[in-house]
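From first to last, the protein sequence lines stand for chains P and X.
Taking our numbering, I'd label the letters of the first sequence as residues 1 to 217.
Taking our numbering, I'd label the letters of the second sequence as residues 1 to 196.
None of these hints come from the bench; they were simulated from the model.
Heads up, a few of these hints could be off.
[Unchecked claim] Reference listing, derived: stretches of chain P covered by chain X, where coverage requires no fewer than 3 residues with Cβ under 8 Å from a Cβ of chain X:
(1) 10 to 24
(2) 35 to 41
[As the list claims (entries may be wrong)] Label pairs and their calculated CB-CB ranges:
(3) P:Ala30 / X:Glu9: 41 to 51 Å
(4) P:Ser136 / X:Ile122: 50 to 60 Å
(5) P:Leu34 / X:Arg38: 25 to 35 Å
(6) P:Gln200 / X:Ile122: 40 to 50 Å
[Claimed, not checked] For the chain P half of the interface with chain X, some residues (derived, Cβ under 10 Å), not all of them:
(7) Gly27
(8) Thr28
(9) Ala30
(10) Val31
(11) Met32
By construction, the Cβ of each residue, glycine as well, lies at the ideal position given by its N, Cα and C atoms.
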Amino acid sequence: MKVIQLQPEFQPRWRLWSAALLSAVVGTTAVMTLVVWMNEAAKAPDRQHRQHFTPLDVAPPKPKPKPKPKPKPRKRVERKRLKPVPTPDLGAALSGIDFGLPDVGLEFGADDSLLGNTNVDAMTQETVDQPPQVISTAPFRYPPQAKKKGIQGYVILSLLIDESGSVVEAEVLESSPPGIFDASALEGIRRWRFSPARYQGKPVKTWVQQKIVFQLG
Amino acid sequence: MTHLLAYLEAGGWVMPLLGSTLFLLWLIIGYRFMLLQRGTRTEIEQLCRQILQGKTPRGHGILPCTCRLAAEIVQRDPSRFSALDTLFYAVRKRLARFETTAKALVVIAPLLGLLGTVSGMIETFDSLAEMALFRQSGGIAGGISKALFTTQMGLAVAIPGYFLLAVLQRRRKNLESDLLKLQDLLHESLHENSHA
């Protein structure tokens, strides 16, 4: 007895597959053409534009925009008129962090701890009437390895100076070369004494920036 | 042609996926169009009579082939209903070949487009955050054109495929009902013959 063909073939195999291939080629081409035609009609992406810009982008002057805004707020300190009271929490703490961090608008208000010490009731260098002055300095320990190699550089610190004039907190905003002088700068700045900043005659907590240059000889 | 290449490049890594989806989809569409040929214009009743008389229609297509196989079974042993049922079951199963795959491809294409959109938008926001508006790889303009182009491509793949699949599905249903009718008629007449 003959077993029934369980997978009946209605068409020869080659016919099925050649039809399939033909339709695949034709269909793909048709859809692609349609898409290209649609975009040409709409003139969507301007390819010439992009080609013009490409050579410029090979060496983007990335670090440039960063240091530029820095000198600006310092100049404003010299204005003698009464400044408006800043919003107590967020603004002060944020300007303490100042330009050290790249701006990414993330998770605002989700959690206070994300923004660091938001609750510190401090003002900034720009908003006080009289910025803090250095009273006494202390020498910094020059990192021995850097000394051996003859490396020089600087560290810009963000300091929170309290009403008595001592450094409560210190963070590294920027350092060059990165990482080498950070520790000794943070360690040494604690021993400095400042005169407290004054706002409307009263001493206040303030965030200030201090640049420390490490030079040999 | 150069335009096409430029667009493909603009779409990013989703484009090869979308392209192969497109190709596969049309491969299946062609295959199924070929597969779902009725093969003859003869009425079902007449086909049934022809099977019983052993005069089956020639040619390719579903109905002639099924008729030939059925006639073989009937001539061997007119009372073997189970063999007939097996045959019709196998034929109906064959009709649905690749249908699920094609449906899946049609569904996947717009989703792939969406994926490309999302990655394009991520690129855009990245370059916004880094303030690098023009870069070698993308930048804002690149990200947005990637986002839009992949969506467009996904839809362009899916829409014609959707329509053609609907046509093919209706065709399969018609053929299935034809086959059911033929099966019924055969059973009926074979029963009559065996009782007579």
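Quiz item: Do the Cβ positions of Ala30 of chain P and Glu9 of chain X conform to the proposed distance bound of 41 to 51 Å?
Solution: violated (21 Å)
Exercise. Note whether the CB distance of Leu34 of chain P and Arg38 of chain X lies within 25 to 35 Å or breaks it.
Key: Since Leu34 of chain P and Arg38 of chain X have Cβ atoms about 30 Å apart, the given range 25 to 35 Å holds.
Quiz item: If you check the beta carbons of Gln200 of chain P and Ile122 of chain X, does the distance land in 40 to 50 Å?
Solution: holds (48 Å)
Self-check item: Given hint Gly27 of chain P near chain X, where the shortest CB pair must fall under 10 Å
Solution: Where the cut-off is 10 Å and the nearest Cβ of chain X is about 3 Å from Gly27 of chain P, the hint holds.
Practice problem: State whether the coverage of the stretch 10 to 24 of chain P by chain X holds or is violated, taking the criterion as 3 or more residues with Cβ-Cβ distances under 8 Å. | Solution: Coverage by chain X holds here, the residue count being 12 at a Cβ distance below 8 Å.
Exercise. Mind checking the CB of Ala30 of chain P against every CB in chain X and telling me if the closest is under 10 Å?
Key: holds (8 Å)
Exercise. Using 10 Å as the Cβ threshold, decide whether Val31 of chain P counts as touching chain X.
Key: holds (5 Å)
Quiz prompt | Met32 of chain P as chain X interface residue, shortest Cβ-Cβ below 10 Å | solution = holds (6 Å)
Quiz item: Would the stated hint for Thr28 of chain P survive a check requiring a Cβ distance to chain X of less than 10 Å?
Solution: Cβ of Thr28 of chain P sits 5 Å from chain X, so the hint holds.
Quiz item: At a Cβ distance under 8 Å, does chain X reach at least three residues of the stretch 35 to 41 of chain P?
Solution: With 5 residues closer than 8 Å to chain X, the stretch 35 to 41 of chain P meets the three-residue bar; holds.
Practice problem: Please test the hint of 50 to 60 Å on the beta carbon pair from Ser136 of chain P and Ile122 of chain X. | Solution: Given a distance of about 52 Å, which is inside 50 to 60 Å, the answer is holds.
When the structure is compared with the earlier hints, a violation turns up for hint 3 alone.
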